[in-house]
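J.: Note that the sequence shown covers residues 1 to 242 in the working numbering.
What the hints contain is simulated information worked out from the structure, not anything from laboratory work.
Note that CB positions come from ideal geometry on N, CA and C, so glycine has one too.
What you were told as hints is all true, and nothing was included just to trick you.
DSSO-like cross-link-like pairs, simulated, lysine-lysine; straight-line CA separation at most 30 Å: (1) K181 x K110; (2) K186 x K110; (3) K231 x K186; (4) K186 x K240; (5) K231 x K181; (6) K240 x K181; (7) K154 x K240; (8) K110 x K240; (9) K154 x K123; (10) K110 x K231; (11) K123 x K240.
Estimated spans, in silico, between C-beta atoms of each pair: (12) G168 x I77: 51 to 59 Å; (13) S229 x L69: 54 to 62 Å; (14) S236 x S122: 19 to 27 Å; (15) Q86 x T66: 31 to 39 Å; (16) L61 x F150: 41 to 49 Å; (17) L72 x S105: 54 to 62 Å.
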Amino acid sequence: MSNKHGRFLMPWNWKSKTMQQDPNPRPATGYPYPQPGYPYQNHNPYYAPPRNPRAVLLRRLFIVLTAFLLVLGLILIVFLIVVRPQLPNVYINSLSVSNFNVSNSQVSGKWDLNLLFRNPNSKMSLHYDTVLCSVYYGRASLSDTRLQPFDQGKRDETPLNATLSVSGTYVDGRLADSIAKERASKGNVEFNLRMLSWVTFRYGAFRRRRWLTIYCNDVALAVPPTTSSGKMLASSQRCKSY
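Hey, can you work out the whole structure from these sequences and the hints?
T.: Following this line, the structure appears as structure tokens:
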């Protein structure tokens with residue numbers, strides 16, 4: 001077709017207009033196409049969101065505290081390996097009983113005890129608070145007494161004397177029968193001693209306080225039924241410290 005000026009005109013076609021406007025246009029290559037319902041994601045590997053200053057401070061404080069505790073623990077371990085604190089050694093040098101009598105479920109007696117405390121530490125001195133000393137038959141406590149506090153230097157030895165007495169104390173009938181049978185069959189009676197105290201280990205400015213328990217079990221005293229006194233059969237006996 002041509003117009004009045006002689007120019008050739010393309011015939012109008014509705015299909016050509018439809019082809020010019022694509023109903024489903026595609027995004028240009030190189031730009032992400034956001035999906036409905038999903039936020040846009042930044043794929044820049046060098047991008048980092050801003051940090052919370054408080055969280056950073058807390059993280060650094062935690063790291064510093066952890067490092068300090070590790071160093072302190074390492075120093076303590078090295079110190080304990082070098083110094084090697086040891087519990088004291090305790091010995092019974094002698095033990096005797098007098099006025100010993102068991103009858104009608106009652107016990108009477110007086111125990112005279114001589115102890116030796118030895119500090120095995122070559123680099124640490126010791127301080128003992130009041131020492132509670134008790135005498136037992138089996139698990140039954142018969143008498144107890146308290147010893148005064150004392151100090152010990154490095155590798156020192158300290159002898160201590162103690163007297164424990166009981167007069168007419170009631171005991172269980174089975175306990176009284178057990179003592180009588182032991183005296184009749186063996187001619188001796190085995191007693192148990194226990195000592196309790198707080199002990200402080202000293203090394204320069206270092207102080208370490210701990211609870212000390214000392215057991216002296218099965219200490220045999222020759223006490224025949226015909227006598228009321230007797231002495232320890234062994235010349236000495238070492239106790240156990242915990």
